[in-house]
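Got chain V; can you put chain U on it based on the hints?
The listed protein sequences derive, respectively, from chains V and U.
If you read the first sequence in my numbering, its first letter stands for residue 2, the second for the next number, and so on.
If you read the second sequence in my numbering, its first letter stands for residue 18, the second for the next number, and so on.
I should point out that these hints are in silico values taken from the structure, not numbers from a laboratory.
Treat the hints with caution; some may be incorrect.
[As the list claims (entries may be wrong)] Between beta-carbon pairs, the in silico distance windows are:
| id | chain 1 | residue 1 | chain 2 | residue 2 | range |
| --- | --- | --- | --- | --- | --- |
| 1 | U | Glu-164 | V | Thr-82 | 55 to 61 Å |
| 2 | V | Pro-233 | U | Glu-164 | 20 to 26 Å |
| 3 | V | Tyr-238 | U | Leu-149 | 33 to 39 Å |
| 4 | U | Met-66 | V | Pro-266 | 36 to 42 Å |
| 5 | V | Pro-266 | U | Gly-139 | 28 to 34 Å |
| 6 | U | Asp-150 | V | Lys-64 | 18 to 24 Å |
| 7 | V | Glu-116 | U | Glu-164 | 25 to 31 Å |
| 8 | U | Glu-108 | V | Gly-203 | 54 to 60 Å |
| 9 | V | Asp-72 | U | Gly-139 | 45 to 51 Å |
| 10 | U | Glu-164 | V | Gln-240 | 37 to 43 Å |
| 11 | V | Lys-64 | U | Asn-89 | 45 to 51 Å |
[As the list claims (entries may be wrong)] Some chain V residues near chain U, calculated using beta-carbon distances under 7 Å:
| id | residue |
| --- | --- |
| 12 | Ala-70 |
| 13 | Leu-71 |
| 14 | Ser-86 |
| 15 | Ser-107 |
| 16 | Glu-108 |
| 17 | Ala-110 |
| 18 | Met-113 |
| 19 | Arg-193 |
| 20 | Ser-194 |
| 21 | Tyr-197 |
| 22 | His-288 |
[To be verified] Some chain V residues well away from chain U (every beta-carbon gap over 12 Å; in silico):
| id | residue |
| --- | --- |
| 23 | Asp-89 |
| 24 | Gly-149 |
| 25 | Arg-196 |
| 26 | Asp-213 |
| 27 | Arg-254 |
Glycine included, every Cβ here is placed at the ideal spot set by N, Cα and C.
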Amino acid sequence: MLDRNHVITAKDLSRADIETVLDRAAAIERDPPERERHAGRLLGLCFFEPSTRTRMSFEAAIKRLGGDALDMGPVDSSSATKGESLADTVRVIAGYADALVLRHPSEGAATMASEFVDVPLLNAGDGAGQHPTQTLLDLYTMRENAGGLSDLTVGIMGDLKYGRTVHSLAYALTKFDARQHFVSPESLRLPRSVRYDLHEAGARIREHDDLDAVLDELEVLYVTRIQRERFPDENEYRQVAGEYRIDAATMERAREECVVMHPLPRVDEIAPDVDATPHAKYFEQAHNGVPVRTALLDLLLDDADSGGGEETVDAADDGEDGRKP
Amino acid sequence: MSERDDHELRVSKIQDGTVIDHIAGGHASDVLAILGIDSGTDEVVSVGMNVPSNRLGHKDVVKIEGRELSQNEVDVISLIAPAASINIIREYGVAEKNRVERPDVVEGVLSCPNHDCISTDGEPVASRFAVLDDGVRCAYCETLVREDLADHIDV
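So here's chain V without its partners, still in its complex pose:
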């Protein structure tokens, strides 16, 4: 069981927490839970930013456990348009539901919201902060496709500054002592706060501006989207984005077993011709959102039933990269 009630950042998830969730997800895939397992339980979905994969996979997960979802709906039809604070919104919805899922454009939103609710709260992305449940499904995908999580060599490429999936993943991989290679333009390198935590945790990290410097070492290549609005002009964006794009020819220079992942949605940073190669695992990764989130909800609702759980846990990202819509 998890030893915390909330899942706010991957930094707070222990290696044992992560393995517990991934083991439960694997068990669920082998032997789906009884439909009545959490009958009558309600999951509140509070999405203040657009979401496809995260929102739908959480909804699928609670329904597979026999429960149901209460969706706040689009922000423009909610009380937020009347000026209601996030604190008030989550306090009210916590009264209707057994657990909450929150996505919000402000960094730290889930941490703050968790101070106002007494049901488990899961961070489904807080601005450019964290997205811990995405990390859990990322790790599950790596474990299934890269021969485990120990001693992996992982490249993470793209927008490392604003990519919340990247921040959460880096924290989690550090707990498994991975060698992490961060590949990005200088302006989109890891933020100082994440670098500080990785350094404090003794992470094995290196930074590069060119994928070819490390490509042939990688067991996993995790690609993220570089957004147009991070650059002052279109030309500079096109030039930079073009340097951090992969296609099937790129992957011919990679190890045969290198797994390519992406939190999705992609734009053009992974060419469609990669899809047909054995490297491509990003659609499987997206599908893994359901068993992993089912496992997480199962554990949290079990804890709630038993009166267990003490504090807070964090996880990873989706839509996934902390970018503003």
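Structure of chain U alone, referenced to chain V:
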């Protein structure tokens, strides 16, 4: 000449108020900013800058008449002037003499410089920062602030 004699030659005693001593040279203006004292103040304030000090080489000293500092104010001063001592003066005598202590957390006294932080978004929470050895860190968005702390004071 002793440090005390030197100090007293430059700045007269006050009847009631606070003397903040052993501020690192050049940081008196940051302390004044923390206390909300600027050129428009009505308070009686004496400032000594770059006063010779046995302990610090050069130090700054701030004396404020008729005002005893709050714990919040002392907490923030501790962040930028960790060697400071705070003397509460009553009837020309030192009633309390305290070295500042860096707290583990400061609440409601700094504003987060990250404009995307939820604590800057009108929510019903006070700003909260963990105090590190070399700066502070927002408890909500985890932004690190190491330089120019005085620019983020919100007391």
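Comparing the hints with the structure gives:
Here the CB-CB span from Glu-164(U) to Thr-82(V) is close to 38 Å, at odds with the stated 55 to 61 Å. Restraint check, Pro-233(V) to Glu-164(U): a C-beta distance of roughly 25 Å satisfies the suggested window 20 to 26 Å. Between Tyr-238(V) and Leu-149(U) the beta carbon distance is about 35 Å. The supplied range of 33 to 39 Å therefore holds. The supplied range of 36 to 42 Å is broken by Met-66(U) and Pro-266(V), whose beta-carbon atoms lie about 57 Å from each other.
The supplied range of 28 to 34 Å is met by Pro-266(V) and Gly-139(U), whose beta-carbon atoms lie about 31 Å from each other. A hinted range of 18 to 24 Å is violated for the C-beta pair Asp-150(U) and Lys-64(V), which are about 49 Å apart. The beta-carbon spacing between Glu-116(V) and Glu-164(U), approximately 29 Å, falls within the hinted interval of 25 to 31 Å. Separated by about 56 Å at the C-beta atoms, Glu-108(U) and Gly-203(V) satisfy the suggested range of 54 to 60 Å.
At roughly 25 Å, the beta-carbon separation of Asp-72(V) and Gly-139(U) lies outside the given 45 to 51 Å, and the hint is violated. Distance hint check: the CB atoms of Glu-164(U) and Gln-240(V) are about 32 Å apart, inconsistent with the given range 37 to 43 Å. Under the hint 45 to 51 Å, the C-beta atoms of Lys-64(V) and Asn-89(U), about 49 Å apart, fit the expected range. Because the closest C-beta pair between Ala-70(V) and chain U is about 24 Å apart, greater than 7 Å, the hint is violated.
Contact between Leu-71(V) and chain U, as hinted, is not supported at the beta carbon level, the nearest pair being about 22 Å apart and thus beyond 7 Å. Interface restraint check: Ser-86(V) against chain U, minimum CB-CB distance 5 Å, threshold 7 Å, status holds. Satisfaction of the interface hint for Ser-107(V) is found here, the shortest Cβ-Cβ separation to chain U being roughly 4 Å, below the 7 Å cut-off. Residue-level restraint check for Glu-108(V) holds (minimum Cβ-Cβ distance to chain U is 4 Å; threshold 7 Å).
Annotation: Ala-110(V) was flagged as interfacial toward chain U, and the flag holds, the nearest CB pair being 5 Å apart, inside 7 Å. The criterion of a C-beta within 7 Å of any C-beta in chain U is met by Met-113(V), whose closest approach is roughly 5 Å, and the hint holds. Contact between Arg-193(V) and chain U, as hinted, is supported at the beta carbon level, the nearest pair being about 6 Å apart and thus within 7 Å. The beta carbon of Ser-194(V) comes within 5 Å of a beta carbon in chain U, closer than 7 Å, and the hint placing it at the interface holds.
Because the closest C-beta pair between Tyr-197(V) and chain U is about 6 Å apart, less than 7 Å, the hint holds. Because the closest C-beta pair between His-288(V) and chain U is about 31 Å apart, greater than 7 Å, the hint is violated. Non-interface call for Asp-89(V) relative to chain U: violated, since the shortest CB-CB distance, roughly 8 Å, does not exceed 12 Å. Consistency note on Gly-149(V): stated as away from chain U, and its beta-carbon is indeed over 12 Å from all of that chain's, at 30 Å minimum.
Its beta-carbon lying about 9 Å from the closest one in chain U, Arg-196(V) breaks the requirement of being farther than 12 Å from that chain. A cut-off of 12 Å between C-beta atoms confirms that Asp-213(V) is not in contact with chain U; the least separation is 32 Å. A cut-off of 12 Å between C-beta atoms confirms that Arg-254(V) is not in contact with chain U; the least separation is 37 Å.
The structure shown violates the earlier hints numbered 1, 4, 6, 9, 10, 12, 13, 22, 23, 25.
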